[in-house]
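Number of protein chains: 2
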Amino acid sequence: MSEPMNETKLENNSTEAKECCYEKVEVKPNTLLYPVPALLVSSGTADGRTNIMTAGWTGTICTVPPMVYVSIRPSRVSYDMIKESGEFVLNLNTEKLAAAADQCGVISARECPDKWELTGLTRGKAAHLDYAPIIMESPLNIECKLKQIIPLGSHDMFIGEVVGIDASKEYKGESKFIHLEEAGLIAYSCAKTENDIPVGSYVKLGETIGRYGFTAKKDIRTH
Amino acid sequence: MSEPMNETKLENNSTEAKECCYEKVEVKPNTLLYPVPALLVSSGTADGRTNIMTAGWTGTICTVPPMVYVSIRPSRVSYDMIKESGEFVLNLNTEKLAAAADQCGVISARECPDKWELTGLTRGKAAHLDYAPIIMESPLNIECKLKQIIPLGSHDMFIGEVVGIDASKEYKGESKFIHLEEAGLIAYSCAKTENDIPVGSYVKLGETIGRYGFTAKKDIRTH
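Heads up: the protein sequence lines correspond to chains A and B, in order. Residue numbers 833 to 1055, in the numbering used here, belong to the letters of the first sequence in order. Residue numbers 833 to 1055, in the numbering used here, belong to the letters of the second sequence in order.
Check before you lean on any hint, since a few could be wrong.
Repeated chains share a single entry, so a pair holds when one copy, or any two copies, can fit it.
What the hints assert, rightly or not - Listed below are the simulated DSS-like cross-link pairs for lysine-lysine, each with C-alpha atoms no more than 27 Å apart in a straight line:
id, residue 1, residue 2
1, Lys928, Lys1036
2, Lys957, Lys1001
3, Lys1024, Lys1036
4, Lys1001, Lys977
5, Lys979, Lys1036
6, Lys1036, Lys977
7, Lys915, Lys928
8, Lys1024, Lys928
9, Lys928, Lys1001
Quick caveat, the hints were computed from the structure, so don't treat them as lab data. Keep in mind the model is a prediction, meaning the values are calculated, not measured.
Can you make the complete structure from the sequences, with help from the hints?
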């Protein structure tokens, strides 16, 4: 068990709470980094096939240039589509799209080749890509060109550079502003583990605690 | 502007809403993938220096073996610490730790070398690492060994393999179960952009929509 190395100086914390948080127990190495995104990844090929998969192993990896990743099992249909076409779109996920995202997460394109039919989602033409479509119902579509594939183990990491972004007009009423807080974005978090296996859930975002830099009481926007 | 390529089949959606979501406007490529994690990254060196930084560009990249990444600007003090020691810890973030996380995000170790003194957080010994400490107040500490650094641009991506996990006992009452839903985990999301610059905020997790596989009405745990 780990022991504290210095005395705590946290305020507003009862002695009982302090004692409690100091007791640590070891857990088997596992995927317990939460919350993560729960995005819809759309892809396509030159012969007109398209697919949607859901991904939690995705995120931003670089600010300038804006770069993202999505990790995909080689057995997935989307794996080959993205590798062949060199393109993918990360579509932000919302409360309204959660059921469609879950369907795309648990049902393989091998069982159900038409995810659009399955989910009722609508394909749109990406502004900067040739084959991968955007999902019209998503509030924000991040169009990416594949830069590199890094094999890791169960998953390979697809690194992409953001080449275009499409925002639904309802969240971008006036130039230079996007109101994503109104889009009902969701995350994916692990509620608990059962027999050492994490059980994940789609969760709504709740109350805002503060914007970046709130403790400095100044407007900071670069991070 | 993008146009829909097929007719929508989404139910429970008014015609007005459908029309609205079909209107897309282009946004300059930027870091608009949200929500993301907002983790506390702890590191240390052989001569006893330690640091805490806050990271949103972090996530899981592989399930087997469990692997994670954190992207860091080369100018950061943590960058050199992790590169030298080959170790880092990703500490999950909570509502109670949000202010400390914000301080570690906006104040450089060059200005304030003792983040523990600054935040009141408590160092603990990692079970499987030599130099990087864990943060005792975090409900879950993911101990990582550095495997690779990938230069990307403003940020370099540090890839780590999870070698140990420490859970606060209060969230792991009985063996094999972790109740992270009680930990008050938070995410980092972009409320809006101002002059094309995303403004991020720390947000609480809200209501759970459903667990992975909820649309399939069966218990699915592997993803």
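Verification of the supplied hints:
Taking the shortest Cα distances, lysine 928 and lysine 1036 sit within 27 Å of each other both inside one copy (10 Å) and across copies (19 Å). In this homomeric assembly, lysine 957 and lysine 1001 come within 27 Å of each other (Cα to Cα) only inside a single copy, at 16 Å, whereas the closest approach across copies is 50 Å. Taking identical chains as interchangeable, the C-alpha atoms of lysine 1024 and lysine 1036 lie at most 27 Å apart whether they share a chain (17 Å) or sit on different chains (17 Å). Within a single copy, lysine 1001 and lysine 977 get their C-alpha atoms as close as 24 Å, which meets the 27 Å cut-off; across copies the closest is 44 Å, which misses it.
Taking the shortest Cα distances, lysine 979 and lysine 1036 never come within 27 Å of each other, neither inside one copy (32 Å) nor across copies (34 Å). Taking the closest pair of Cα atoms, lysine 1036 and lysine 977 never come within 27 Å of each other, the shortest separation being 29 Å inside a single copy and 32 Å across copies. Proximity of lysine 915 and lysine 928 under a CA criterion of 27 Å is satisfied in neither setting, with 30 Å inside one chain copy and 42 Å between copies. When the C-alpha separation of lysine 1024 and lysine 928 is checked against a cutoff of 27 Å, the pair qualifies both within a copy, at 24 Å, and between copies, at 20 Å.
With identical chains, the CA atoms of lysine 928 and lysine 1001 are at most 27 Å apart within one copy only, with a shortest distance of 17 Å there and 36 Å across copies.
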